[in-house]
Each structure stands twice: as structure tokens, then as C-alpha cells.
Amino acid sequence: MRVIILAPIGRDARLLAGTLAAMKIETTIAPDSKALLDMLPEGVGSAIIAEEALTTESIQALAGWLESQPPWSDTPFIVLTSSGRPTRESHHRAQELQGIGNFTLIERPVRPETVLSSVRAALQARMRQYEIRSRQEALLQANADLEQFAHSASHDLREPLRSIGIYSELLSRNYGVLLDERGIEFLGFIQSAAKRMDALLSDLLSYAHASSFAEETFEPVQAIRPLEAALNNLAGAIQESDAQITIGEMPVVRMHESHLSQIFQNLIGNAIKYRNEDARLCIQLSARKAEGHWIFSIADNGIGVPPAYKEAIFGIFKRLHTSGKYSGTGMGLAICQRIVERYRGRIWVESEPGQGSKFFFTIPA
Amino acid sequence: MVEDNPTDVFLIREAIVAYGLDVELEVFEDGEEAISLIARMDANEGELCPNLMLLDLNLPRTDGFEVLEHLRRSKRCARIPVIVMTSSAARSDRDKSMSLGADAYFQKQIEYDAFLKIGGIMKGLLKPETQPVPV
Numbered sequence: 133m134r135v136i137i138l139a140p141i142g143r144d145a146r147l148l149a150g151t152l153a154a155m156k157i158e159t160t161i162a163p164d165s166k167a168l169l170d171m172l173p174e175g176v177g178s179a180i181i182a183e184e185a186l187t188t189e190s191i192q193a194l195a196g197w198l199e200s201q202p203p204w205s206d207t208p209f210i211v212l213t214s215s216g217r218p219t220r221e222s223h224h225r226a227q228e229l230q231g232i233g234n235f236t237l238i239e240r241p242v243r244p245e246t247v248l249s250s251v252r253a254a255l256q257a258r259m260r261q262y263e264i265r266s267r268q269e270a271l272l273q274a275n276a277d278l279e280q281f282a283h284s285a286s287h288d289l290r291e292p293l294r295s296i297g298i299y300s301e302l303l304s305r306n307y308g309v310l311l312d313e314r315g316i317e318f319l320g321f322i323q324s325a326a327k328r329m330d331a332l333l334s335d336l337l338s339y340a341h342a343s344s345f346a347e348e349t350f351e352p353v354q355a356i357r358p359l360e361a362a363l364n365n366l367a368g369a370i371q372e373s374d375a376q377i378t379i380g381e382m383p384v385v386r387m388h389e390s391h392l393s394q395i396f397q398n399l400i401g402n403a404i405k406y407r408n409e410d411a412r413l414c415i416q417l418s419a420r421k422a423e424g425h426w427i428f429s430i431a432d433n434g435i436g437v438p439p440a441y442k443e444a445i446f447g448i449f450k451r452l453h454t455s456g457k458y459s460g461t462g463m464g465l466a467i468c469q470r471i472v473e474r475y476r477g478r479i480w481v482e483s484e485p486g487q488g489s490k491f492f493f494t495i496p497a
Numbered sequence: 082m083v084e085d086n087p088t089d090v091f092l093i094r095e096a097i098v099a100y101g102l103d104v105e106l107e108v109f110e111d112g113e114e115a116i117s118l119i120a121r122m123d124a125n126e127g128e129l130c131p132n133l134m135l136l137d138l139n140l141p142r143t144d145g146f147e148v149l150e151h152l153r154r155s156k157r158c159a160r161i162p163v164i165v166m167t168s169s170a171a172r173s174d175r176d177k178s179m180s181l182g183a184d185a186y187f188q189k190q191i192e193y194d195a196f197l198k199i200g201g202i203m204k205g206l207l208k209p210e211t212q213p214v215p216v
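Just so you know, the protein sequences line up as chains C and U, in that order. Numbering follows the working numbering, in which position 68 of the first sequence is assigned residue number 200; successive positions increment by one, without gaps. Numbering follows the working numbering, in which position 91 of the second sequence is assigned residue number 172; successive positions increment by one, without gaps.
A portion of the hints provided could be inaccurate.
[Unchecked claim] Pair ranges (Cβ atoms, derived):
#1 C:W197 / U:S173: 16 to 26 angstroms
#2 U:V104 / C:F318: 50 to 60 angstroms
#3 U:E113 / C:S200: 51 to 61 angstroms
#4 C:A167 / U:S180: 42 to 52 angstroms
#5 C:D164 / U:E113: 19 to 29 angstroms
#6 U:D194 / C:R314: 18 to 28 angstroms
#7 U:E107 / C:P438: 54 to 64 angstroms
#8 U:F91 / C:G315: 19 to 29 angstroms
#9 C:P438 / U:E113: 51 to 61 angstroms
#10 U:V104 / C:R267: 53 to 63 angstroms
#11 U:R154 / C:R314: 52 to 62 angstroms
#12 C:F281 / U:E128: 35 to 45 angstroms
#13 U:K204 / C:G308: 27 to 37 angstroms
[To be verified] Residues from chain U that face chain C, not an exhaustive set, calculated with beta carbons under 8 angstroms:
#14 N86
#15 T88
#16 L92
#17 R94
#18 E114
#19 N139
#20 S168
#21 S169
#22 A170
#23 A171
#24 R172
#25 Y193
#26 L197
Hint data in this document are derived by calculation from the structure and do not stem from the laboratory. Remember, predicted model here, so these are calculated numbers, not experimental data. Just so you know, even glycine gets a beta-carbon here, dropped at the ideal spot from N, CA and C.
Between the sequences and the hints, there should be enough to build the whole structure, so can you do that?
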């Protein structure tokens with residue numbers, strides 16, 4: 133890590149370089165502010181700038197470069213203020229600098245110890261920032277690897293399953309006459325097991341995909357659009373259950389449209405699946421703003437969730453009912469939780485058995 | 082058809098029969114072979130381009146997207162209809178296929194009748210109106 137020194141007037145630059153070099157700190161002297169700006173993109177731990185070298189143009193140029201930096205970077209600068217009484221102009225400049233980045237002001241005449249301690253602190257901070265960057269990169273890589281693994285495993289595992297499912301179906305259809313009832317039943321078991329595993333693999337893939345860290349920033353999305361996509365996908369089930377769905381005003385959020393659509397589809401799908409047979413299914417969707425985030429809620433008048441299981445239902449592969457009664461792989465809520473956590477939100481349920489459920493999830497605004 | 086899974090090849094043959102399609106099915110088991118075919122057809126004026134390509138995304142070595150890219154850059158066969166086939170429900174696979182110029186995207190089904198529906202898509206793309214005019 134190097135310290136760039138921009139102090140074009142007098143011997144300051146060389147004196148500073150000497151002081152730092154004595155402490156084994158690598159320095160580069162920039163002859164003018166243009167040179168500094170050329171050097172910054174090549175890599176900088178910290179920079180010491182003499183105030184007189186900060187013209188309006190050079191501050192603008194610095195501001196531009198700082199704006200282009202990735203989120204983890206917060207380059208620490210040290211500014212040596214001009215000696216003599218502070219002027220209105222220098223006060224103004226100090227304010228401006230605070231607004232554009234991480235600038236520490238040291239008064240001249242400087243003492244070597246002061247500069248050294250400031251530079252040390254700056255370089256330590258910079259080191260931490262580099263650590264954050266490498267951890268971020270490692271995390272991105274690990275997630276990409278996970279998704280790649282899940283993708284291959286899922287495809288390679290689903291192909292033989294297709295063979296099992298299809299051929300047992302065809303055996304039953306085309307050669308069923310050669311079998312007794314029990315034999316046909318056995319073939320049916322093979323088929324349904326294959327279908328079940330296929331659904332599990334499909335959901336596993338969704339689960340892995342749900343936490344893929346492709347980017348850090350997201351485009352704003354009108355929540356109503358992924359909601360409508362989800363309702364579209366559920367059209368058949370909605371019609372069959374004669375569900376009455378009311379939708380409150382939906383906000384704009386910053387997340388992948390497909391992720392939000394998946395959450396809606398899973399939650400609404402569950403409301404339909406776990407409905408009360410004695411009452412017409414009513415589902416209410418709404419969103420309200422809380423501090424720094426949106427809280428979405430999906431309320432239904434279905435069979436509800438026993439309090440003891442309110443957290444367990446979000447577990448992967450967790451189902452409260454046998455596969456006979458309600459279809460599904462048990463991963464829907466786990467996928468929702470994974471997605472929501474990826475956006476640093478929360479998901480939870482309020483419910484009493486027989487009294488319906490209200491699912492909430494938060495997304496940062 | 083570019084596909085390495087024999088069950089899927091079998092199902093396509095069943096679909097061809099079920100929909101009464103008068104076609105000959107040529108199967109290539111990996112992307113490299115398909116790309117070589119495309120190169121051969123570009124080099125030889127006499128060779129007929131296929132009327133339709135069924136393209137699996139999950140191929141050994143070269144993946145389906147690469148084959149599709151090669152096809153769309155081909156001199157003589159760039160516009161032949163392509164149905165991309167895959168086990169994946171991933172939105173990104175579908176979007177990428179369509180943006181690379183696929184005409185249809187079919188998710189492979191585990192039930193016989195559901196899988197055979199691909200025959201209908203094939204029939205539609207084999208109609209004279211959808212066939213590219215020879216260059």
C-alpha cells in the first residue's frame with residue numbers, strides 16, 4: 133500500500149516522504165494534481181494533499197473519482213491546511229471536502245508524529261477496506277459455485293428420474309394387461325416417487341438460486357408487476373378454489389423482480405393450498421412503510437399454523453402434514469426466507485389454528 | 082436434435098409419430114458434433130439445412146447456448162427454427178435462449194402426455210410459412 137503525496141510547493145513533499153520512508157511506509161510524490169488523479173486508479177492506500185494544491189477543478193476531479201469508487205472503498209485522505217489564519221475560503225473548502233469523501237485535516241506547521249499517526253490510522257482503515265473487498269469476492273465466488281453445483285446436480289439428477297417416471301408410466305399404459313392390480317399399483321408408486329423427487333430437485337434449484345449474489349445494487353421495481361406475474365401463474369388454482377383476493381397499494385422496491393414474484397407465488401400458493409374447506413377463501417395483500425423498509429403482508433382465512441411451529445415451517449424440507457393430504461415439497465417457505473434474508477429482510481407469521489394466517493416479510497426501501 | 086439423453090430422444094420420436102410429422106430425425110449427442118455439422122453445411126452448398134433443430138441446453142462439453150450462437154452466425158442455416166429443451170425452469174435460461182434467437186423454449190416434463198406436447202410446437206415450426214427462404 134502506498135501513500136501519494138501532493139505538496140508541490142517547497143520541500144514539504146520530500147520531507148514528508150522522508151519521514152514516512154523512515155517508518156517503512158512506501159510513498160510516491162505527485163508533481164501536480166493531474167498526476168495525483170492519474171495515480172489514484174492505479175491503487176492508493178492513502179494520500180496527503182497540501183491545501184494550496186486543491187483548486188476548484190482538482191476538488192471536482194477528486195469528487196468525480198470518489199463517486200466512481202465501489203461501495204467498499206472509502207479512500208482516506210489527509211489534507212495539510214495552509215499556515216496562517218483560517219480564511220472564509222479555506223473554511224468553505226473544508227466543508228466541501230467533508231461532503232465528497234474521507235478527508236482528515238491537519239494544521240501546518242505539522243509535526244512528524246502527527247503526520248505519522250494520521251497516516252498509520254489511514255492505512256489501517258484502508259487495510260480493513262481491502263479485507264472487506266476480498267471477503268465479498270470470496271462470498272460471491274462461493275455463491276456462484278453453489279449455484280453452478282446445484283444447477284448441474286439438478287439437471288444430471290433429473291434426467292434419470294425422467295426415465296424412471298416415463299417408462300413406468302408407459303409400462304402401465306402399454307403393458308398393463310399383463311399385470312394384476314397390485315402390479316399396476318406398484319408402477320404407480322414408482323411414478324409418484326419419481327415425480328416427487330423431481331419436484332424436490334426443482335425446488336432445490338430454486339433454493340440455491342434464491343441466494344445468488346449476482347450484484348449489490350438493484351433496479352427499482354413496482355411490486356405490483358411481480359405480484360401480477362405470480363397471480364398469473366396461479367390462475368388455475370385461484371379459479372379452482374374460488375379465492376377472493378384483495379390487493380392494497382403496492383410500493384416500489386429495490387430487488388430482482390423474479391425474486392419478489394417467487395415470494396408472492398409461494399405465499400399465495402400456500403394460502404390457496406391450506407384453505408379452510410368451510411369458508412370462501414379470502415386473501416388480502418398489503419404493504420406499509422416502516423423505518424427504512426416496506427412490510428408486506430399476506431393474510432388468509434385458512435387452516436392456520438399452530439404456534440409451536442411458527443418458526444419451524446420456514447425450515448428446509450419442513451412440512452406439517454403428510455404428503456397425502458397436501459401436495460408440495462415443503463421448500464416453499466424456506467425459499468422465501470432465503471430470498472428475504474438475501475435482501476437483509478425478515479419473514480414471519482402470525483396465526484392461530486383454524487383462524488387463518490398472516491405472513492409478513494420486509495424488504496429494505 | 083442435439084441431445085445426449087436416450088429417454089428424451091425416445092420421447093421426441095414418440096411425439097413425431099403422435100403428431101404425424103413427416104420428418105427424419107438426426108441425433109447428435111454433443112455440442113461439438115452439432116457445431117461441426119453447422120460448419121460442414123456452411124462449407125458445402127449442396128448440403129440441405131435441417132428444417133428444425135431441437136436443442137438441449139445441458140450437453141456434455143459445449144453447452145446448448147454455444148451451439149445456438151454458432152447456428153445464428155451460420156452463413157446458410159442461420160434462420161432455421163430452434164426449440165430449446167431443458168429440465169430447467171430458471172427464468173434466466175429462458176430469457177437467454179430467447180435473446181439468442183430461439184423460437185421456442187420447452188421444459189422437459191416427467192409425464193408422457195405432457196412431454197409429447199412438444200410435438201405441437203414442432204408441427205407449428207415445420208409449417209412452410211415458418212421455414213426460412215433458402216439464401
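Going down the list of hints, with the structure as the test:
For C:W197 and U:S173, the hinted distance range of 16 to 26 angstroms is not satisfied, since their beta carbons lie about 34 angstroms from each other. Distance hint check: the CB atoms of U:V104 and C:F318 are about 37 angstroms apart, inconsistent with the given range 50 to 60 angstroms. Between U:E113 and C:S200 the C-beta distance comes to about 42 angstroms, which lies outside the given range of 51 to 61 angstroms. A C-beta distance of roughly 44 angstroms is found between C:A167 and U:S180, which places it inside the suggested range of 42 to 52 angstroms.
Separated by about 57 angstroms at the C-beta atoms, C:D164 and U:E113 break the suggested range of 19 to 29 angstroms. At about 25 angstroms, the CB distance of U:D194 to C:R314 agrees with the hint of 18 to 28 angstroms. As the Cβ distance of U:E107 to C:P438 is approximately 58 angstroms, the hint placing it in 54 to 64 angstroms holds. One distance hint, 19 to 29 angstroms for the beta-carbon pair U:F91 and C:G315, holds here, with the actual separation near 23 angstroms.
About 56 angstroms separates the C-beta atoms of C:P438 and U:E113, a value consistent with the hinted range of 51 to 61 angstroms. Against the hinted window of 53 to 63 angstroms, the Cβ-Cβ separation of U:V104 and C:R267 comes to about 55 angstroms, which satisfies the hint. Look at U:R154 against C:R314: about 57 angstroms separates their beta carbons, and that is inside 52 to 62 angstroms. Against the hinted window of 35 to 45 angstroms, the Cβ-Cβ separation of C:F281 and U:E128 comes to about 40 angstroms, which satisfies the hint.
For the hinted restraint 27 to 37 angstroms between U:K204 and C:G308, the CB-CB distance of approximately 29 angstroms keeps it satisfied. Interface restraint check: U:N86 against chain C, minimum CB-CB distance 5 angstroms, threshold 8 angstroms, status holds. The beta carbon of U:T88 comes within 4 angstroms of a beta carbon in chain C, closer than 8 angstroms, and the hint placing it at the interface holds. With 8 angstroms as the threshold, the beta carbon of U:L92 comes within range of chain C, its nearest partner Cβ sitting at about 7 angstroms, so the hint holds.
A hinted interface residue such as U:R94 counts as satisfied when its beta carbon comes closer than 8 angstroms to some beta carbon of chain C; here the least separation is about 13 angstroms, so the hint is violated. At a threshold of 8 angstroms, the smallest CB-CB gap from U:E114 to chain C is about 19 angstroms, leaving the interface hint violated. For U:N139, the suggested interface contact is upheld, since its CB lies about 4 angstroms from the closest CB of chain C, less than 8 angstroms. The restraint placing U:S168 at the interface with chain C holds, with a minimum CB-CB distance near 4 angstroms, inside the 8 angstroms limit.
With a cut of 8 angstroms, the hint placing U:S169 at the interface with chain C holds, because the nearest CB-to-CB distance is about 7 angstroms. With a least beta-carbon distance of about 6 angstroms to chain C, the hint placing U:A170 at the interface is held under the 8 angstroms criterion. At its closest, the beta carbon of U:A171 sits 7 angstroms from a beta carbon of chain C; the interface hint therefore holds under the 8 angstroms criterion. The beta carbon of U:R172 comes within 5 angstroms of a beta carbon in chain C, closer than 8 angstroms, and the hint placing it at the interface holds.
The criterion of a C-beta within 8 angstroms of any C-beta in chain C is met by U:Y193, whose closest approach is roughly 5 angstroms, and the hint holds. For U:L197, the suggested interface contact is broken, since its CB lies about 10 angstroms from the closest CB of chain C, more than 8 angstroms.
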